[in-house]
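**Student:** Heads up: the protein sequence lines correspond to chains A and B, in order.
Heads up: the first sequence begins at 2 in our numbering, then just goes up one per residue.
Heads up: the second sequence begins at 2 in our numbering, then just goes up one per residue.
Incorrect hints may have been included.
No distinction is drawn between identical chains; accordingly, a pair holds when it is met within one copy or between any pair of copies.
Said to hold, decoys possible - Simulated crosslink set (DSSO-like; lysine-lysine; CA at most 30 Å straight-line):
(1) Lys18 - Lys251
(2) Lys23 - Lys239
(3) Lys191 - Lys330
(4) Lys239 - Lys18
(5) Lys136 - Lys180
(6) Lys239 - Lys199
(7) Lys180 - Lys319
(8) Lys180 - Lys337
(9) Lys306 - Lys180
(10) Lys18 - Lys343
(11) Lys48 - Lys23
(12) Lys251 - Lys136
(13) Lys335 - Lys199
(14) Lys23 - Lys136
(15) Lys330 - Lys17
(16) Lys118 - Lys136
(17) Lys337 - Lys23
(18) Lys17 - Lys343
(19) Lys136 - Lys313
(20) Lys199 - Lys136
(21) Lys191 - Lys306
The set of hints was computed from the structure by calculation and includes no laboratory data.
Number of protein chains: 2
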Amino acid sequence: MIEQLGEIGLIERISKKFLVDKQIVTIGAGEDDCAIIDIDKAKGGHKYLVVTTDTVQESTHFPAGISPFQIGWTAVAVNLSDIAAMGACPFAFTIAMSIPAHTETAFVDELVEGIEKCASVYNTAVVGGDITRSKELSLTGTCFGFADNPVRRTGAGVGDLVCVTGSLGNAALGMKIIKNKNEVEVKATKSVEEAAKKALFQPVPRIQEGIILADSGSVTSMIDISDGLALSLAELRKSSNVGFEIDEDKVSVFNDEIRSAWEWDLDLSMLGFKPRELAFYYGGDYELLFTMDMTGVRKDEELLKRIKGKVKMSIIGKVVPPEEGIYFKTGEGKEKEMMEIKGYQHF
Amino acid sequence: MIEQLGEIGLIERISKKFLVDKQIVTIGAGEDDCAIIDIDKAKGGHKYLVVTTDTVQESTHFPAGISPFQIGWTAVAVNLSDIAAMGACPFAFTIAMSIPAHTETAFVDELVEGIEKCASVYNTAVVGGDITRSKELSLTGTCFGFADNPVRRTGAGVGDLVCVTGSLGNAALGMKIIKNKNEVEVKATKSVEEAAKKALFQPVPRIQEGIILADSGSVTSMIDISDGLALSLAELRKSSNVGFEIDEDKVSVFNDEIRSAWEWDLDLSMLGFKPRELAFYYGGDYELLFTMDMTGVRKDEELLKRIKGKVKMSIIGKVVPPEEGIYFKTGEGKEKEMMEIKGYQHF
Chain A
2 MIEQLGEIGL
12 IERISKKFLV
22 DKQIVTIGAG
32 EDDCAIIDID
42 KAKGGHKYLV
52 VTTDTVQEST
62 HFPAGISPFQ
72 IGWTAVAVNL
82 SDIAAMGACP
92 FAFTIAMSIP
102 AHTETAFVDE
112 LVEGIEKCAS
122 VYNTAVVGGD
132 ITRSKELSLT
142 GTCFGFADNP
152 VRRTGAGVGD
162 LVCVTGSLGN
172 AALGMKIIKN
182 KNEVEVKATK
192 SVEEAAKKAL
202 FQPVPRIQEG
212 IILADSGSVT
222 SMIDISDGLA
232 LSLAELRKSS
242 NVGFEIDEDK
252 VSVFNDEIRS
262 AWEWDLDLSM
272 LGFKPRELAF
282 YYGGDYELLF
292 TMDMTGVRKD
302 EELLKRIKGK
312 VKMSIIGKVV
322 PPEEGIYFKT
332 GEGKEKEMME
342 IKGYQHF
Chain B
2 MIEQLGEIGL
12 IERISKKFLV
22 DKQIVTIGAG
32 EDDCAIIDID
42 KAKGGHKYLV
52 VTTDTVQEST
62 HFPAGISPFQ
72 IGWTAVAVNL
82 SDIAAMGACP
92 FAFTIAMSIP
102 AHTETAFVDE
112 LVEGIEKCAS
122 VYNTAVVGGD
132 ITRSKELSLT
142 GTCFGFADNP
152 VRRTGAGVGD
162 LVCVTGSLGN
172 AALGMKIIKN
182 KNEVEVKATK
192 SVEEAAKKAL
202 FQPVPRIQEG
212 IILADSGSVT
222 SMIDISDGLA
232 LSLAELRKSS
242 NVGFEIDEDK
252 VSVFNDEIRS
262 AWEWDLDLSM
272 LGFKPRELAF
282 YYGGDYELLF
292 TMDMTGVRKD
302 EELLKRIKGK
312 VKMSIIGKVV
322 PPEEGIYFKT
332 GEGKEKEMME
342 IKGYQHF
């Protein structure tokens, strides 16, 4: 158990796992009171520093069955997802760990491995941290990145396309499978279960996608979908003062892994809930929701095709005037149906 | 209670308390996925970005009687203290708050007031944060600042003076008074009690002192004393590979407020413990421990006098070769007595 290592022993054990480029990060984790970063070398030619902080916590964020590696991964990924939502390039990360005293050393080692892995996959240096004894496991990450034209939530304009990267509902399916197998009658095969759980346990931050979208110059607003599409749309609506018309059928539900693992035709009604339930009102997929201006001088089918060649995405609707609110429209001539604004909220 | 506000309501309520200079912090707390900072404007002429993160937690860090304001203040102060220990100038701060659901809104308001107050007193902008529901109150701050010549822990050399800012034992006295009035027989008057508790509840980060010391060019190593002087000396010893001779009698125990409030001659033996107990083995004062090279070309009594004019400090000993370890010497001809290396450790 980590109690036997002592605080200083534990910090030494963990710090040496985090390698940094000494030309830029002069002093890294566990070496001094602060990390020291050569700011001009770090920023490259970029104009803006972007900063975000996010906590993941045992009682709130860790579904049954998640591994220590995946907990560590998630603590980094949720922060990187916010960096991605600005279209920024992540650079450095700090991790404050609150850990119960009786925790096994092997558990902490795996946790640290997950942190290191997710950070290094996305070229992010872990430069510092803190360890505190606590009642429940809790990890707070803070991530720094750089950008020239960070994409705000405020720029959506009427007529813009509404788009989402990847697919939604994967993490929600994983959660449904874990929580109430009986209740929702998810007749999922083992491989569907594995794929859904992987989406839930080890979210993928859309760093590359965010950068490509920001660089395209056509993206007018962007946000990551942490607590479901409905809440993210509501946030964009508030920031940009617009409404949204969403074509429910255009929302890509479930990733290829889940779809291909499904042994029969994927009929979502069979699951006992509409796909919109999973995509709109549950979080955990960390895809990017964004709007694109394709009108006027920017009307460029070629550009859209080019972006689609690099970023897996769906066009799910369009931006409408604010007084119209947020509504579904499933086809021509159908009635509008207002969207409920609900999803995961901490309080 | 904060449950009634909802997460979004809570974030809005809190964010608007944190004002920033929009010329530099383009986007601040609660406005987008990340804060956006104009890095060239922020860094001024400085070369290095320094970063630190620290958590304060109900079950570990909050002594009985501490107010929500003081909890918020402390969450910022402990991070600023690490910035001070580099001799750096703090610039911005993020705060991740894990809060039990049943917490009163007034409590959170006071907490936020403490965060805002401590940050603004030290010219630090609160640029972002996070709110999570948790079992116990826990606040993780991440602070970043700028420096040209950050003072490391590694530069202490044999013959350097060993110095400490301010006085020690104040927070420890506060803790003793709270914890075991009977056990230690602290016959403290009400005003002594108030002064000691204030030191414990609302620590003062030595930002100005750190900058002056770093700018002096004579300081060879520096660290903040969070968990007692003994552990901080041990850290410096490890980083600089040196030993320390400490003159116990030179360590300034208790601040002027406590000393003047004491109604009779301050005889520490009366307290039932040696002053070294309080100063060396208990933390919470957040003073700076540093070494100064006053030999050779730097031997400059005038310089020392000038620094002493600006920074309240005591010279408590000297740096000795590593094989001598860390020891006390209370006067001429006295025997060396090895210092125990103990203090607060989380694990």
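**Student:** Does each hint fit the structure? Answer for all of them.
**Tutor:** Hints, one by one, checked against the model:
1. Proximity of Lys18 and Lys251 under a CA criterion of 30 Å is satisfied in neither setting, with 44 Å inside one chain copy and 41 Å between copies.
2. Taking the closest pair of Cα atoms, Lys23 and Lys239 come within 30 Å of each other only across two copies (21 Å); inside a single copy the shortest separation is 43 Å, beyond that limit.
3. For a Cα distance limit of 30 Å, the shortest separation of Lys191 from Lys330 qualifies neither inside one copy, at 35 Å, nor across copies, at 70 Å.
4. Within a single copy, Lys239 and Lys18 get their C-alpha atoms only as close as 42 Å, which misses the 30 Å cut-off; across copies the closest is 20 Å, which meets it.
5. For the identical chains of this complex, Lys136 and Lys180 are neighbours both inside a copy (24 Å) and across copies (21 Å), given an alpha-carbon limit of 30 Å.
6. Taking the shortest alpha-carbon separations for Lys239 and Lys199, neither the intra-copy value of 32 Å nor the inter-copy value of 43 Å comes in at or below 30 Å.
7. Taking the closest pair of Cα atoms, Lys180 and Lys319 never come within 30 Å of each other, the shortest separation being 35 Å inside a single copy and 63 Å across copies.
8. In the homo-oligomer, the alpha carbons of Lys180 and Lys337 never lie at most 30 Å apart, since the shortest distance is 33 Å inside one protomer and 65 Å across protomers.
9. In this assembly of identical chains, the alpha carbons of Lys306 and Lys180 never lie at most 30 Å apart, being 40 Å within a copy and 69 Å across copies at closest.
10. Taking CA atoms no more than 30 Å apart as the test, Lys18 paired with Lys343 passes between copies only; the shortest distance there is 26 Å, against 40 Å inside one copy.
11. Taking identical chains as interchangeable, the C-alpha atoms of Lys48 and Lys23 lie at most 30 Å apart whether they share a chain (22 Å) or sit on different chains (15 Å).
12. Taking the closest pair of Cα atoms, Lys251 and Lys136 never come within 30 Å of each other, the shortest separation being 44 Å inside a single copy and 40 Å across copies.
13. Taking the shortest Cα distances, Lys335 and Lys199 never come within 30 Å of each other, neither inside one copy (37 Å) nor across copies (67 Å).
14. When the C-alpha separation of Lys23 and Lys136 is checked against a cutoff of 30 Å, the pair qualifies neither within a copy, at 36 Å, nor between copies, at 39 Å.
15. Taking the shortest alpha-carbon separations for Lys330 and Lys17, neither the intra-copy value of 54 Å nor the inter-copy value of 36 Å comes in at or below 30 Å.
16. In this assembly of identical chains, the alpha carbons of Lys118 and Lys136 lie at most 30 Å apart whether taken from the same copy (26 Å) or from different copies (29 Å).
17. Proximity of Lys337 and Lys23 under a CA criterion of 30 Å is satisfied in neither setting, with 57 Å inside one chain copy and 41 Å between copies.
18. With identical chains, the CA atoms of Lys17 and Lys343 are at most 30 Å apart between copies only, with a shortest distance of 24 Å across copies and 43 Å within one.
19. For a Cα distance limit of 30 Å, the shortest separation of Lys136 from Lys313 qualifies neither inside one copy, at 41 Å, nor across copies, at 39 Å.
20. Proximity of Lys199 and Lys136 under a CA criterion of 30 Å is satisfied in both settings, with 27 Å inside one chain copy and 27 Å between copies.
21. For the homomeric pair Lys191 and Lys306, neither the shortest alpha-carbon distance inside one copy (36 Å) nor that between copies (75 Å) is at most 30 Å.
The structure does not agree with the numbered hints 1, 3, 6, 7, 8, 9, 12, 13, 14, 15, 17, 19 and 21 stated previously, though it agrees with the rest.
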